[in-house]
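Protein chains: 2
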Amino acid sequence: MRIIEGGVTAAQGFEAAGVEAAIKYQNRKDMAMLYSRVPCRAAGVFTSNVVKAAPVLWDKEVVEHSPYAQAVIVNAGIANACTGKQGYDCCRQTAAKAAQVLDIPEDSVLVASTGVIGWQLPVDKITAGVEKLAAVKADTLEAGQAAVEAMMTTDTVPKQAAVEIEIGGKKVTVGGMCKGSGMIHPNMCTMLGFVTTDLAISKELLQEALREDVVDTFNMISVDGDTSTNDTLIVLANGLAGNPEITEKNEDYDKFREALNYIDTTLARKMAGDGEGATALFETRVIHAATKQEARILSKSVVCSSLTKAMIYGHDANVGRIMCALGYAGVDFDPEQVDIFCESDEDRMQICQNGMLTDYDEETATKILSAPEVRVIVDMKRGEESAAAWGCDLTYDYVKINADYRS
Amino acid sequence: MRIIEGGVTAAQGFEAAGVEAAIKYQNRKDMAMLYSRVPCRAAGVFTSNVVKAAPVLWDKEVVEHSPYAQAVIVNAGIANACTGKQGYDCCRQTAAKAAQVLDIPEDSVLVASTGVIGWQLPVDKITAGVEKLAAVKADTLEAGQAAVEAMMTTDTVPKQAAVEIEIGGKKVTVGGMCKGSGMIHPNMCTMLGFVTTDLAISKELLQEALREDVVDTFNMISVDGDTSTNDTLIVLANGLAGNPEITEKNEDYDKFREALNYIDTTLARKMAGDGEGATALFETRVIHAATKQEARILSKSVVCSSLTKAMIYGHDANVGRIMCALGYAGVDFDPEQVDIFCESDEDRMQICQNGMLTDYDEETATKILSAPEVRVIVDMKRGEESAAAWGCDLTYDYVKINADYRS
Chain A
1 MRIIEGGVTA AQGFEAAGVE AAIKYQNRKD MAMLYSRVPC RAAGVFTSNV
51 VKAAPVLWDK EVVEHSPYAQ AVIVNAGIAN ACTGKQGYDC CRQTAAKAAQ
101 VLDIPEDSVL VASTGVIGWQ LPVDKITAGV EKLAAVKADT LEAGQAAVEA
151 MMTTDTVPKQ AAVEIEIGGK KVTVGGMCKG SGMIHPNMCT MLGFVTTDLA
201 ISKELLQEAL REDVVDTFNM ISVDGDTSTN DTLIVLANGL AGNPEITEKN
251 EDYDKFREAL NYIDTTLARK MAGDGEGATA LFETRVIHAA TKQEARILSK
301 SVVCSSLTKA MIYGHDANVG RIMCALGYAG VDFDPEQVDI FCESDEDRMQ
351 ICQNGMLTDY DEETATKILS APEVRVIVDM KRGEESAAAW GCDLTYDYVK
401 INADYRS
Chain B
1001 MRIIEGGVTA AQGFEAAGVE AAIKYQNRKD MAMLYSRVPC RAAGVFTSNV
1051 VKAAPVLWDK EVVEHSPYAQ AVIVNAGIAN ACTGKQGYDC CRQTAAKAAQ
1101 VLDIPEDSVL VASTGVIGWQ LPVDKITAGV EKLAAVKADT LEAGQAAVEA
1151 MMTTDTVPKQ AAVEIEIGGK KVTVGGMCKG SGMIHPNMCT MLGFVTTDLA
1201 ISKELLQEAL REDVVDTFNM ISVDGDTSTN DTLIVLANGL AGNPEITEKN
1251 EDYDKFREAL NYIDTTLARK MAGDGEGATA LFETRVIHAA TKQEARILSK
1301 SVVCSSLTKA MIYGHDANVG RIMCALGYAG VDFDPEQVDI FCESDEDRMQ
1351 ICQNGMLTDY DEETATKILS APEVRVIVDM KRGEESAAAW GCDLTYDYVK
1401 INADYRS
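Chains A and B, in that order, give the protein sequences. By our numbering, the letter at position 321 of the first sequence is numbered 321, and the numbering carries on one by one without gaps. To convert, take the position in the second sequence, counting from 1, and add 1000; that gives our numbering.
What the hints contain is simulated information worked out from the structure, not anything from laboratory work. A portion of the hints provided could be inaccurate.
To be verified - Keeping only pairs whose Cα atoms sit at most 27 Å apart, straight-line, the calculated DSS-like set for lysine-lysine is: (1) A:367 - A:29; (2) A:24 - B:1024; (3) A:171 - A:249; (4) B:1249 - B:1203; (5) A:29 - A:171; (6) B:1381 - A:85; (7) B:1060 - B:1171; (8) A:249 - A:203; (9) A:400 - B:1024; (10) B:1125 - B:1171; (11) B:1060 - B:1170; (12) A:24 - A:125; (13) A:400 - B:1367; (14) A:400 - A:24; (15) B:1400 - A:367; (16) B:1085 - A:381; (17) B:1249 - B:1060; (18) A:24 - A:85; (19) B:1024 - A:367; (20) B:1170 - B:1249; (21) A:171 - A:125.
Claimed, not checked - Here are some of the chain A residues that sit facing chain B, going by a computed Cβ distance under 10 Å: (22) 123; (23) 135; (24) 136; (25) 228; (26) 253; (27) 306; (28) 319; (29) 328; (30) 355; (31) 357; (32) 398; (33) 400; (34) 402.
Claimed, not checked - Covered stretches of chain A, going by a simulated chain B footprint (3 or more residues, C-beta under 8 Å): (35) 15-26; (36) 108-121; (37) 142-150; (38) 163-174.
Glycine included, each C-beta is placed from N, C-alpha and C at the ideal position.
With the sequences and hints as input, model every part of the structure.
Here is the structure:
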């Protein structure tokens, strides 16, 4: 696996674009298009929120019932959620416009929105945006960059990744982009994510690969514990790599899973690290747990705690808060067996042994907790399973951003 | 039911005290005692956190196995959690000292701690504090006030309440005090709560009344979603009112339940309103739900959301965030049936009808959301059950307090 530049336009046959459509934001790109020159197998995972945005309802239909997908239209600023029939009609009109200008079937067009919940999208601006997008789409790094920038809301950095692997003697590329910064607690995040590949793979296995992969990637991050109404992760595979189509869980499938996992993990970590107001990426890794699920629940509980998050912001190794968050996760364990370490890229230190504080050096702890990437490792000493979860610190800026989001 | 002044010393035979013991804080009261002139029936509910502080383990023993309880020793500053055998031994030494100076059995002494997790208590300061407490305890309003002040950590106001009822021709008094401001998400709250009454009631019914009552009171509040290692709520009943002992669920029991519910609800609301950094009490009432449990889950999800909490701080009626928090609560419902109202003591306004924003006046909404007590009413329109949950806004000060708690 070779890490390369770029994102959704890295794989063969994929084009992208980002333009200014003035949906809510002014003087910045706020609509994106993703397009494949040939029809794609599509797989998707969506929010588990009972309140599902109109684009989520539309995309579920397309992913489940259309043989192929070929384009995605994304807007930032308004989420098109809690918008009833009018909101769903807007999705249809967006798809119809894209189908017309791209000369593809309406039911091969996916749509995605992110922003304020409850407001109706201005359909005329959206359809005008679709025309502009179609006119400028391209398969360049710059076009991919424009698309990912157009999806951003409170994001401070565009997030993308790409890798090359070899399958059946052919070079296969997997690339992706995502946005998301607040209302991030994916239980597939408002995360929107799009992964493209030129791999040839059956629809069923593409969906299965995605479903398996999100469990340990996007579903293991949290910025604020709020599962959005719009969370969407789509994978498009257009087959242009020319490998023999993957139709069973063989070695080739495993290679793709590894590449997909790299892209999803990279994007998920970038999203957590760019959480609203965040100054640090906060990773928790639970090791030697009895079961994989227990490791996931415990690691996620630690990164989700307001108190551990505030502790990271304060650069204060408050072991008690970590123990507390482990304790209320819903897993039964013996607290007096737990060891805890904290580490940065430069230092590592044991701060808890058998459930009690070690006599650790506060100065070193403060140094570790001041790093841009702080890791807490929890050793349960009762099994062989491990899992990681990613979050960020809780800061004044998180409160500021969210006390004043709509204005 | 008549609301009266005071707290834990309101009922006959109860004395209290608060003194400076310099456990961690300097120049302020940090140890409290609660004492009954005669032995009491005791009931208690404790944290569901797997990581239980030493005083929680001690008190569970006393409540479950001792025939009576007669005193409670409380300290603020250090939580005596994650302290192993040494921490439990400290509880025993505290109880032994209290037993000696008060001339009561050791197993009738309850202990409670709140503060930093992981540090050991200074036993010598604790036992010296017990002596001081015994010397100054009294049955006055002032003594009750001293006790509740001594329990405070990041609390900004002391929290107490008392009522009188009549049972069997006798005046019965129920009073209580509590502390708690952060790490508040009781799953019966660090909340410590103590309720005293001179009612005569069997131990079994006292425990049952408490267990029933916390479900809709202390367990329905949240400041930050973190369930503490030390949550403790104790009720002591000393029988001095002289009513015929309550031994069955009759009309007298219902009268006591009503009084207990008033005390617990009042204390729980005060705790939520005094959440760390809070500027407002945030109440959510879900009405016309299909089941009581559904109403509880939905209302609690709304007050627990970081985004609705930041919205209250920003005085911004962001209906989408309320709908979102309802949607991920874990209850299956039709979003297009939901009506939402916001209200203060002065104004009330519908902000959502059938899942969509109403054309409401933003200025009035901002006025309502600027009140010191903001209520959100969610009408599910699908049943007859209702529940309320209480939280507070998420502010810069919450982050400040918790980025810097141990120093």
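We went through each hint and held it up to the structure:
no., hint, in the structure
1, A:367 - A:29, "violated (39 Å)"
2, A:24 - B:1024, "violated (52 Å)"
3, A:171 - A:249, "holds (19 Å)"
4, B:1249 - B:1203, "holds (13 Å)"
5, A:29 - A:171, "violated (33 Å)"
6, B:1381 - A:85, "holds (20 Å)"
7, B:1060 - B:1171, "violated (30 Å)"
8, A:249 - A:203, "holds (13 Å)"
9, A:400 - B:1024, "violated (33 Å)"
10, B:1125 - B:1171, "violated (40 Å)"
11, B:1060 - B:1170, "violated (31 Å)"
12, A:24 - A:125, "holds (10 Å)"
13, A:400 - B:1367, "holds (19 Å)"
14, A:400 - A:24, "holds (20 Å)"
15, B:1400 - A:367, "holds (19 Å)"
16, B:1085 - A:381, "holds (20 Å)"
17, B:1249 - B:1060, "holds (25 Å)"
18, A:24 - A:85, "holds (21 Å)"
19, B:1024 - A:367, "holds (25 Å)"
20, B:1170 - B:1249, "holds (18 Å)"
21, A:171 - A:125, "violated (40 Å)"
22, 123, "violated (17 Å)"
23, 135, "violated (33 Å)"
24, 136, "violated (31 Å)"
25, 228, "holds (6 Å)"
26, 253, "violated (32 Å)"
27, 306, "holds (4 Å)"
28, 319, "holds (5 Å)"
29, 328, "holds (4 Å)"
30, 355, "holds (6 Å)"
31, 357, "holds (4 Å)"
32, 398, "holds (8 Å)"
33, 400, "holds (7 Å)"
34, 402, "holds (3 Å)"
35, 15-26, "violated (count 0)"
36, 108-121, "holds (count 4)"
37, 142-150, "violated (count 0)"
38, 163-174, "violated (count 0)"
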